[in-house]
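Novice: Here are the chains, one letter per residue:
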Amino acid sequence: MTDILDLLASAAFWTATLRIATPYILGTLGELVCERAGVLNLGIEGIMTLGAMAGWMTVYQGGDLWTGVMVAALAGGMLGLLHALLTVPLGLSQHVTGIGVTLLGTSLSYYVYRMVLPQVSSPPTIEPFQPWAVPVLSEIPVIGQALFNQTPLTYAALAAVGLVAWVLYRTPLGLGVRMVGENPAAAEAQGISVTAVRMGAVVCGSALMAVGGAFLTLSAFNAFFFNMINGRGWICIALVVFASWRPGKALLGAVLFAAFDALQLRLQQIVGPALPYQVFLMLPYVLSILALVLMSRRAAYPRALMIPFRKGERH
Amino acid sequence: MHEVVLRLAGVTKRFGALVANDDISLELRRGEVMALLGENGAGKTTLMNILFGHYVADEGSIEAFGKPLPGGSPKAALAAGICMVHQHFTLADNLSVLDNVILGTEPLWRFRSDRGAAAAKLSALAERFGLTVDPAAPVGSLSVGERQRVEILKALYRDARILILDEPTAVLTPQESERLFSTLKLLTAEGLGVIFISHKMNEVMAASDTVGVLRGGKLVAIRRTAETDRSELAELMIGRTLKAPAVEPMEPAEPVLTLAGVTVRAARGMLDRADLVVRRHQIVGIAGVSGNGQAALADLVSGLGVPDDGRLEVFGKPVVVAGPLEMVKRGVARIPEDRHATGLVGDMAVWENLIAERVRLPEFSRLGFLRRDAARARAREVIKDYDVRCPGPDAVSRLLSGGNMQKLILGRTLSYKPGLILANQPTRGLDVGAVAYVHEQLLAARKAGAGVLLISEDLDELLALADQVAVIHRGRLSPPMPRAAVTICQLGLAMAGHWEELPDVA
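Protein chains in written order, with this note's numbering: chain X, 1 to 315; chain Z, 1 to 506.
Read the hints as simulated data drawn from the structure, not as lab findings. Since the structure is predicted, the reported quantities are computational estimates derived from the model, not experimental observations. All residues carry an ideal CB built from backbone N, CA and C; glycine is no exception. Any given hint could be a false lead.
Here are some, though not all, of the chain X residues that point toward chain Z, as calculated from beta-carbon distances under 8 Å [what the hints assert, rightly or not]: (1) GLU182; (2) ALA185; (3) ALA189; (4) ILE192; (5) MET282; (6) LEU283; (7) ALA300.
Simulated DEER-style distance windows between Cβ atoms [to be verified]: (8) ARG303/X <-> PRO391/Z: 32 to 38 Å; (9) VAL279/X <-> ASP114/Z: 41 to 47 Å; (10) LEU275/X <-> LEU367/Z: 53 to 59 Å; (11) VAL96/X <-> PHE15/Z: 28 to 34 Å.
From just these sequences and the hints, can you work out the full model?
Specialist: As structure tokens, then:
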């Protein structure tokens with residue numbers, strides 16, 4: 001028990017937690033933006049995979065790390081545009097389209113990777129982002145050490161939380177996004193183009209997800225390999241519900257989940273072989289489901305989520 | 001006379017073969033309230049949707065303040081000062097009043113909303129027109145009357161010069177309607193032009209300066225309200241004269257439904273120690289704003305629930321276990337509140353819907369197999385007897401008009417000569433002709449010996465049909481009063497919770 005308490009008080013644990021949380025933060029924010037506008041984006045898993053591949057490939061081909069991030073965002077945005085075109089103006093089923101986008105994004109990534117690197121056994125590596133300690137602040141015991149010894153993309157993810165919250169709640173654009181997710185007919189009657197706002201939200205949200213994927217290849221690791229997203233996208237979908245569609249709570253959820261994940265890794269070492277390691281692997285998911293049950297029973301989901309809007313139709 | 005602010009010339013709109021609006025021309029002047037009167041399907045809402053840019057007219061032109069209005073763009077209509085309060089409010093429940101009001105009034109690309117100034121402007125408007133509402137409250141927490149105030153504030157906030165109200169009183173109590181009409185007076189005094197759409201004659205007479213009557217997509221007449229009367233308008237509206245239903249006096253016989261101190265605590269609504277008796281040859285009306293316990297009461301009679309406390313008897317026998325089939329077997333006919341949601345399965349055929357209540361009875365099934373021929377034969381009978389206009393037993397129910405759907409539901413249950421009829425909002429959303437048909441059928445059933453529990457928000461209907469009327473408010477049921485003893489005004493106040501206004505008949 002004291003082992004665990006020591007662990008929870010250590011800066012290294014929280015540094016790892018924030019690092020693990022980064023792709024979840026970005027992915028959850030991206031999904032949240034889409035869903036706030038009324039579009040469920042199950043393409044997230046594929047979009048994150050494509051972001052991871054595109055970012056890594058850009059750097060591997062000699063690009064700058066930040067160029068990699070940009071290319072990842074652009075690639076994710078393009079896939080998001082496809083999802084948006086199918087679900088918004090055409091009004092297709094958001095579930096089915098999303099799963100299609102995930103399959104497309106994942107296989108496209110593997111395909112391109114294999115096209116460029118047909119004969120490699122061990123994945124080639126790049127030089128990833130290095131942690132950048134913020135002067136002075138990183139000296140603060142535990143909190144400062146954990147918060148301010150991260151790679152630039154983690155700082156960017158934290159900034160994105162504030163940015164998304166600001167846009168959603170403080171700008172006319174954000175109000176428009178929330179309104180098309182709640183009652184598109186009302187937004188249309190106020191002279192707002194539901195199609196444009198929804199498509200814009202899906203493209204931007206998808207770009208955020210893709211950057212979350214790129215974090216894995218450009219920052220957390222230094223290579224791209226298959227199955228590297230490994231269900232993170234699906235976790236983000238659950239985290240959006242956990243967060244009741246609020247950016248601040250999305251951050252909390254992502255960090256909580258990551259903390260469970262970091263904890264199970266350490267627990268495996270502490271407890272040793274007494275328990276099969278799969279039990280520990282399960283831990284974050286089990287705890288997340290519990291948290292979901294406790295926190296989201298009364299969540300007010302966007303009313304128009306998953307309901308296509310067709311202009312001029314009799315409703 | 002003031003200048004013309006809005007001019008429609010030769011507006012025509014077709015939906016496939018249906019001509020929804022046929023060559024409509026009219027003028028609205030500054031400071032004038034124009035009522036558009038017409039039955040359902042007469043083309044009122046279509047016309048307003050064209051005006052507001054939801055639809056594009058096939059022919060004709062619209063001018064606002066002397067300038068032509070491009071079609072198909074709500075934005076252009078808003079820019080021209082035309083605002084619309086839709087019948088189904090276009091508000092987002094999860095957002096605050098202020099959010100709903102300022103949406104679309106600022107350019108989207110702006111670093112921040114100026115919410116302080118917006119709130120101040122909103123309060124000033126609310127003050128000036130007596131439309132009090134809390135700007136920070138989520139719309140979902142407001143009453144229907146308050147939501148309508150938000151809709152009107154939304155229009156005023158955008159500096160509306162022409163306000164269109166689509167069936168504004170459909171969901172209001174008589175007092176709330178009064179309040180709305182006095183608001184409209186304030187608005188026209190400030191120079192706004194108002195068009196309101198209605199199919200209720202008394203409102204049109206009370207609140208408008210001119211009346212346009214639509215029938216079958218055509219504008220059949222425009223009258224100055226002061227120079228016409230209800231019977232002329234009614235004739236114009238339906239194209240023929242219509243008699244008020246004649247209620248023969250009858251002696252109520254033994255009770256068919258008895259509630260004694262019934263309490264229900266359910267998610268769908270609650271009843272609080274309700275007492276009620278419905279007898280044969282008697283129609284008992286329940287007046288009230290929806291959401292005050294009518295659903296719980298209807299569920300009891302439909303067999304969808306049992307009392308948590310108290311005694312419920314149908315035909316003198318207590319009901320202890322809930323079950324619709326049990327009620328059907330006992331001879332209870334049920335006309336549900338919402339024919340689309342619970343009355344019919346829209347995507348299934350007429351004959352399938354007709355036997356839905358009795359599909360497990362031997363009449364329509366044998367050894368677990370459906371007796372399709374018997375069912376179809378039954379459907380043909382009902383279609384003929386109840387004059388359901390449809391291609392045949394295999395027609396898809398969804399494609400029937402509201403009136404024909406209701407005839408189908410009536411035929412499904414009334415043809416079995418039930419002893420107790422639950423009629424929950426039986427005429428909501430029907431046009432005058434269909435309403436008259438439903439009323440005739442209910443009166444015929446009463447004559448044949450049925451007891452009818454009539455739940456309605458339409459006070460005119462209750463006072464026309466019911467032998468006794470009780471008011472329901474927050475789950476409490478008032479003692480029943482003979483129809484002759486109450487007035488619409490008293491009922492309206494009682495519906496809003498002012499019980500003391502009711503005549504003491506206990």
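Novice: Under 8 Å is the threshold here; is the Cβ of LEU283/X close enough to any Cβ of chain Z for the hint to stand?
Specialist: 34 Å, violated
Novice: CB of VAL279/X to CB of ASP114/Z, is that within 41 to 47 Å?
Specialist: 55 Å, violated
Novice: Can the hint on ILE192/X be confirmed by a CB-to-CB distance to chain Z that is less than 8 Å?
Specialist: Holds - the Cβ of ILE192/X comes within 8 Å of chain Z, reaching about 5 Å at its closest.
Novice: Can the hint on MET282/X be confirmed by a CB-to-CB distance to chain Z that is less than 8 Å?
Specialist: This interface hint is violated because 35 Å lies over the 8 Å limit.
Novice: Hint ALA189/X vs chain Z: min CB-CB distance below 8 Å?
Specialist: Constraint on ALA189/X satisfied, holds at 5 Å.
Novice: Does ALA185/X meet its interface restraint, that is, does its C-beta lie within less than 8 Å of any C-beta in chain Z?
Specialist: 5 Å, holds
Novice: Taking the CB of VAL96/X and the CB of PHE15/Z, does the distance hold inside 28 to 34 Å?
Specialist: 30 Å, holds
Novice: Would you say the C-beta atoms of ARG303/X and PRO391/Z sit inside 32 to 38 Å of each other?
Specialist: 37 Å, holds
Novice: Tell me if the beta carbons of LEU275/X and LEU367/Z are separated by a distance inside 53 to 59 Å.
Specialist: 57 Å, holds
Novice: Would the stated hint for GLU182/X survive a check requiring a Cβ distance to chain Z of less than 8 Å?
Specialist: 3 Å, holds
Novice: Does the closest beta carbon of chain Z sit nearer than 8 Å to the beta carbon of ALA300/X?
Specialist: 5 Å, holds
When held up to the earlier numbered hints, the structure conflicts with 5, 6, 9 and fits the remainder.
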